[in-house]
Amino acid sequence: MESFEKYKKDIKNKGFATRAIRWQLPRTEHQEHSVPLYLTSSFVFEDAEEARSLFADEKQGSIYSRFSNPSVDEFIQKMCLLEEADDGVAFASGMAAVFGSLIPFLSAGDHVLACRAIFGSTHQILNRILPRWQISHTYLDARARPEEWEAARRPQTRLIIVETPSNPGLDVLDLEWLGRFAREHGILLLVDNCFATPYLQQPVRSGAHLVLHSATKFIDGQGRAVGGIVVGDRDLIKEVRFFARHSGPSLSPFHAWLFSKSLETLALRMERHSTSALELARFLETQPAVERVIYPFLDSHPDFALAKKQMKMGGGVLSFILRGGLESGKRFLGAQEMLSHTANLGDTRTIVTHPASTTHSRLTEEERLAVGILPGLIRVSVGLEDLPDLIEDLTRCIAAAG
Numbered sequence: 079m080e081s082f083e084k085y086k087k088d089i090k091n092k093g094f095a096t097r098a099i100r101w102q103l104p105r106t107e108h109q110e111h112s113v114p115l116y117l118t119s120s121f122v123f124e125d126a127e128e129a130r131s132l133f134a135d136e137k138q139g140s141i142y143s144r145f146s147n148p149s150v151d152e153f154i155q156k157m158c159l160l161e162e163a164d165d166g167v168a169f170a171s172g173m174a175a176v177f178g179s180l181i182p183f184l185s186a187g188d189h190v191l192a193c194r195a196i197f198g199s200t201h202q203i204l205n206r207i208l209p210r211w212q213i214s215h216t217y218l219d220a221r222a223r224p225e226e227w228e229a230a231r232r233p234q235t236r237l238i239i240v241e242t243p244s245n246p247g248l249d250v251l252d253l254e255w256l257g258r259f260a261r262e263h264g265i266l267l268l269v270d271n272c273f274a275t276p277y278l279q280q281p282v283r284s285g286a287h288l289v290l291h292s293a294t295k296f297i298d299g300q301g302r303a304v305g306g307i308v309v310g311d312r313d314l315i316k317e318v319r320f321f322a323r324h325s326g327p328s329l330s331p332f333h334a335w336l337f338s339k340s341l342e343t344l345a346l347r348m349e350r351h352s353t354s355a356l357e358l359a360r361f362l363e364t365q366p367a368v369e370r371v372i373y374p375f376l377d378s379h380p381d382f383a384l385a386k387k388q389m390k391m392g393g394g395v396l397s398f399i400l401r402g403g404l405e406s407g408k409r410f411l412g413a414q415e416m417l418s419h420t421a422n423l424g425d426t427r428t429i430v431t432h433p434a435s436t437t438h439s440r441l442t443e444e445e446r447l448a449v450g451i452l453p454g455l456i457r458v459s460v461g462l463e464d465l466p467d468l469i470e471d472l473t474r475c476i477a478a479a480g
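Using the working numbering, you'd call the opening residue of the sequence shown number 79 and step up by one each time.
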């Protein structure tokens, strides 16, 4: 155990890929090379005193897989290592992670500041669920000026929630400024880091108190499993863990094991996703049928300088707007042969999605337009296929779109 503690301390100073690959739980007596999967609902106690001390939180250990599980714990610890966070809690889905990172810190009468460019289901939590408990919110545009944030702040403001890059408009928010603003006013800053992953940016470095992910996306990377995670300040995570323990949105040990193994290839995958996405974005800019291409590392992006400053690469998602609007979008989606038409993202396979009719369809037209979701907007989650094959299928779809 002493050597393992030294190993844990030393590995924090290693490179990102080394940390993602080499961090794992101590080997059992079987001396396995790859960490085992702990598919069990409960754990036995040595004696009554051990059971008492575990339930009293005097001793660390596993009791019941709704509370904790070694496979889930390994995934959490690895994500904390990569995000440079103190502690974390894993959830059964990304949206459970969103809800579980909001509710522990909000009470009736509290107020939330939110970037308008957030995921559709997060909008629904703010717009339809939290108001039942008299929790209000104010939206700000992604490029709102500091004085606009200040004007929107209230004495009751408890939390800021943003995602950067945003889904699907790929707005980039200044995390360093938001971190300062949150600290100055004693407000919690919650950042959805799903699109960037910890490989491309670590919001904790900029002052984020909590960072969340839909692990279903790039963390898994192969479209196999659903899950979520929140990491951050140790004292705040205690509150999230209390909520999760007693409300039950626990992550499957099997899915946690998959996510932990997938993290071993995250650096390689994000390099390939990002490189291909940039090349596809440049290709799409040459197409007459395309009105606009949106990708953080294109110099045409309004947040290009900021993206280059706070992200290692531009990520694996791009969006573009077809000139023909909704009908062109339908023809585009009907012409694909290799591209997958589905609502997920972050897969090895390239995915095309029409947000206005799927992921953000529950928003009003006014709400969609406010965050740039036009009828002709197509979101592309760029996979790991060969680039010429992707260009061939995209060319076919664009031609069909007219």
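In case anyone wonders, no lab produced these hints; they're calculated from the structure.
Just to be clear, a hint being listed does not mean it is correct.
[What the hints assert, rightly or not] Keeping only pairs whose Cα atoms sit at most 16 Å apart, straight-line, the calculated EDC-like set for lysine to aspartate or glutamate is:
1) K137 to E124
2) K386 to E228
3) K387 to D252
4) K92 to E110
5) K90 to D165
6) K339 to E107
7) K316 to D151
8) K390 to E363
9) K316 to D164
10) K90 to E136
11) K316 to D125
These are the hints, each one checked on the structure:
{"no.": "1", "hint": "K137 to E124", "verdict": "holds, 13 Å"}
{"no.": "2", "hint": "K386 to E228", "verdict": "violated, 26 Å"}
{"no.": "3", "hint": "K387 to D252", "verdict": "holds, 9 Å"}
{"no.": "4", "hint": "K92 to E110", "verdict": "violated, 23 Å"}
{"no.": "5", "hint": "K90 to D165", "verdict": "holds, 14 Å"}
{"no.": "6", "hint": "K339 to E107", "verdict": "violated, 21 Å"}
{"no.": "7", "hint": "K316 to D151", "verdict": "holds, 14 Å"}
{"no.": "8", "hint": "K390 to E363", "verdict": "violated, 22 Å"}
{"no.": "9", "hint": "K316 to D164", "verdict": "holds, 11 Å"}
{"no.": "10", "hint": "K90 to E136", "verdict": "violated, 27 Å"}
{"no.": "11", "hint": "K316 to D125", "verdict": "violated, 27 Å"}
The structure fails hints 2, 4, 6, 8, 10, 11 (numbered hints given earlier, in ascending order).
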